[in-house]
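Put chain U with the ligands on the given structure of chain G with help from the hints.
Residue numbers (the working numbering), protein chains in the order written: chain G, 1 to 306; chain U, 1 to 505.
If a hint is listed, it holds; no wrong ones were tucked in.
Some, not all, of what chain U presents toward chain G, calculated at C-beta under 7 Å:
#, residue
1, ASN95
2, GLY105
3, PRO114
Calculated from the structure, these hints are not laboratory results. The beta carbon of each residue, even a glycine, is placed where N, CA and C say it ideally should be.
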Amino acid sequence: MEDVVISVLHRTMVAGTPLLLGTVGEVICERSGILNLGVEGVMSVGAVVAFIVTYITGSPWLGLLAAISAGMILSVLHAFASVTLQANQVVSGLALTMIGLGLSGMLGKPYVGKPLAVKMNDVAIPWLSDIPFIGPLFFKQSPFFYMAIILALAAWFFLERTLPGIKVRSAGENPRATETQGVNVTLLRYACVITGGAFSAMAGAHLSTSYSKSWIEGMTAGRGWIVIALTIFSLWNPGKAIMGAFLFGGVFVLQYLLQPIGISPNFLAMLPYLATLLILLAMSLRDRRRLNAPAQLGEPYKRGER
Amino acid sequence: MRKIETLEMVNISKSFQGKFANQGINLKINSGEILGLLGENGAGKTTLMNILYGLYQPDSGEIKINGKNVRITSPIDSIQQGIGMVHQHFMLIQNHSVIENIALGYYKTPFFFPKIRIHEKVVEFSRKFSFAIEPYKKVWQLSAGEQQRVEIIKALLNGADLLILDEPTSVLTPQEIKELFRILNDMKNEGHMIILISHKLDEIMDICDRVTVLQKGKIAGHADTAGMDKKSLARMMIGRDVLFNVNREPLPKGEQVLKVSNLHVLGDKGISAVKDVSFDVFANEIFGIAGVAGNGQKELAEAITGIRPVRSGTVFAGLKNITNMSPRKIYDHGVSHVPEERIKFGIAPGLFLYDNAILKQHHLKKFSRKMFLEYGRIKNHTRDLVDSYNVAAHSIEVQIRNLSGGNIQKLILGREISEKPSLLVASHPTYGLDVGATEYLREQLLKRRREGGAVLLFSEDLDEIFELCDRIAVMFQGEFTGILDSSDSEKLSDIGLMMAGSVRY
Ligand SMILES: Nc1ncnc2c1ncn2[C@@H]1O[C@H](COP(=O)(O)OP(=O)(O)OP(=O)(O)O)[C@@H](O)[C@H]1O
Ligand SMILES: [Mg+2]
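Isolated chain G, as found in the complex (with noise of 0.2 Å):
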């Protein structure tokens, strides 16, 4: 029984590590203010490019190099066109996902059903690991477990302890006051908008190189979409963000486990983003203010108006 237990964790732990990278991501993203629903989009890239380049280096790492870089490079569009140009963010995150989920689909077309020769092995953290029941559960995961965890504590001190992460949040909650004090908003804003393509290629390149070890079209499944809802259900808070996105990853799990007795995995699909409305209908009836939404998430800064 108990090897059931920890087998269906382990599986919850894994599935919500990919939630987890794209959901920090998104976080400091939306804290700068632009709102990114290229989520998806990135990540099929991500998934794929790691994928291409684990497959012919026979290295992980390089493929995990690699997504990080075109996932940065993809973004680079939507801060040109959000930013720079000050369009609409939803349309232009839209296109994001678009290009990306074509982009990844033509790219690793070559590749379907080829099984990788080498993965991102599993990493058991000596000592640690031989603890009953935490040991395998937390410490003989993948590195991209390891990295998640780290990362999402990393951003949210970045975020709550640190002068650059004021910058940030400032950005999101008023440009132009934060401009007024000296700072460089369209570069921080560039610098989020891309740090946060580069969670989501590496939340892809879990998928195709540690979670399964081959490529197929739409293997995101509509993993960046959740990371989109995750984002608000975790309050634009990385650290909430490790929680949340664990209970995503049991939904996920859930859906296997749970449909030979009959549940629709269509309704648990649909789990994440109920839970998200509950969450932000319970908060409002609250404070409003409590949901930490940046103030300016989405609206176009021009520079030079009041």
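Okay, now just chain U with the ligands, sitting in the frame of chain G:
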């Protein structure tokens, strides 16, 4: 040695939508000088200073520091040159704490743990300066006066060589203004240069060495304050004589318009902000509430006008119990409101002038029929307001956010007074108005009084309170330390002590 010895603006022009806000402006200032910048609402003062600070780009003209041309394309450049600015519309992040707001722009803020590590410095600075601030309060919880303190501290901490202050004292108390001016004088003696924009001519006379007057975007003249007085300054500004003193003739007390009994109201942190306050206001009366910002005035005004829930106690407008009614219902019962935070509560910044002219009034018969607005009439009404309150705007079809601060205020005042409310609750109504507009507003308030209306006036400006009010209540830590008759000069001389809570009547 300072980085800036002299600063020149040469032939600066800037237009918005084809209309000049600044035209061919030349300005020079040397270190160790305080220059006053004067002009009517909409004359272009803020625009000019925003150009200097890098927020706007001029259409033509150049800026010279120590005789050399400099390019200032953003505040990053101007800060680097040694320029600092206190903005007319506070540049504060509402959802952040005071300390985060200060950390954002303070040049000494460390990378790690910024809030904790500058905390002490900030508290010490504000104490030295007797500017009380609560570092961990969120800005949205602060009154306008408290926000102004934060805005000033932000600029002073950085100790710029050229400090621009755009109406820094509009909602400060006389005591705070004195402190600020003491610091400015110290800075001047250390060789800093300061540009001060203010509509309070006494202040200008008090602290400035020279003044430059703008009129409709152009320089109307320069003068040394030594050879000037208030009257001549005003004449330079608006081209006619201004009456500084109003004539408040005695009137018999009318019927009761507002009765507040045992009112308790919570502040934003859930701590009680108004404690057991009772008073009444009668027709033909202006009732003033004086006090240092942050002593519950904001909460009291908001509770009466329905923006903030009343914890216990009652508010009656005439015979009608309006306690905890919606703002709209309260408005329908004849209570109108000029809020202290005009941008946040007074207007919808992105809407046109004519939309803003009928906020809260759209449902009145004269502006709408059934579901549909009567834009023809609305626009006519707006034109009337713009004319009578002398609102400087290119047209009534511009977003109201593009108006200058004083002109926004004029429109709000016109809107709230024109429907002849039985009670006008006004917080800092002359906030940002030029001398001509202030004179006009005071006339309007007194006219309401004469016509049987009543005004509940919140202000930090004691002169204004003394001049306009029949009775004056002093507020300290959520309580009234006394209600005085404005003819009672003996007790009135203690008003400073009452504001500090050490004397009660
Ligand atoms: N961004 C903008 N877009 C359009 N018009 C603007 C803009 N900024 C300023 N203006 C216009 O320029 C003129 C000058 O405005 P400015 O704010 O400089 O006046 P001001 O002298 O500071 O007045 P006040 O004393 O009321 O603050 C006004 O008519 C205003 O409507
Ligand atoms: Mg101005």
